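**Student:** Sequence:
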Amino acid sequence: MPLDEELLGLLRCPAEDHGELRVDGDRLECLSCGRRYPVRDDIPVMLLDQAEEPRSEGTG
Numbered sequence: 001m002p003l004d005e006e007l008l009g010l011l012r013c014p015a016e017d018h019g020e021l022r023v024d025g026d027r028l029e030c031l032s033c034g035r036r037y038p039v040r041d042d043i044p045v046m047l048l049d050q051a052e053e054p055r056s057e058g059t060g
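Per the working numbering, the sequence shown starts with residue 1, numbered consecutively.
Since the hints were made in silico from the structure, they are not lab data.
In this text, all values refer to a predicted model and were calculated from it rather than measured experimentally.
Please note: incorrect hints may appear among the correct ones.
The following label-pair restraints were derived from C-beta to C-beta distances [unchecked claim]:
hint, residue 1, residue 2, range
1, Ser56, Leu7, 25 to 33 Å
2, Glu6, Ser56, 27 to 35 Å
3, Ser56, Asp4, 27 to 35 Å
4, Glu5, Ser56, 29 to 37 Å
5, Leu8, Glu52, 17 to 25 Å
Here a beta-carbon is modelled for each residue, glycine too, at the ideal position from N, C-alpha and C.
Full structure from sequences and hints, please.
**Tutor:** What follows is the structure, encoded as structure tokens:
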């Protein structure tokens, strides 16, 4: 997923903690809360209702 590093540095999670994000495959993951936001057509979809909840440790 080609995402401009400058843009990535500006984006923050829209949840209360406003955490920084990192690229995780075709998603952006919040380093604070763990929510994962999809990237569609190279555009980050930064909507809480579109986010995947944090992955649970030790399940599966």
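**Student:** Take the hints in turn and mark each one as holding or not.
**Tutor:** Here's how the hints hold up against the structure:
no.	hint	in the structure
1	Ser56 to Leu7: 25 to 33 Å	holds (30 Å)
2	Glu6 to Ser56: 27 to 35 Å	holds (33 Å)
3	Ser56 to Asp4: 27 to 35 Å	holds (32 Å)
4	Glu5 to Ser56: 29 to 37 Å	holds (30 Å)
5	Leu8 to Glu52: 17 to 25 Å	holds (18 Å)
Of the numbered hints listed earlier, not one is contradicted by the structure.
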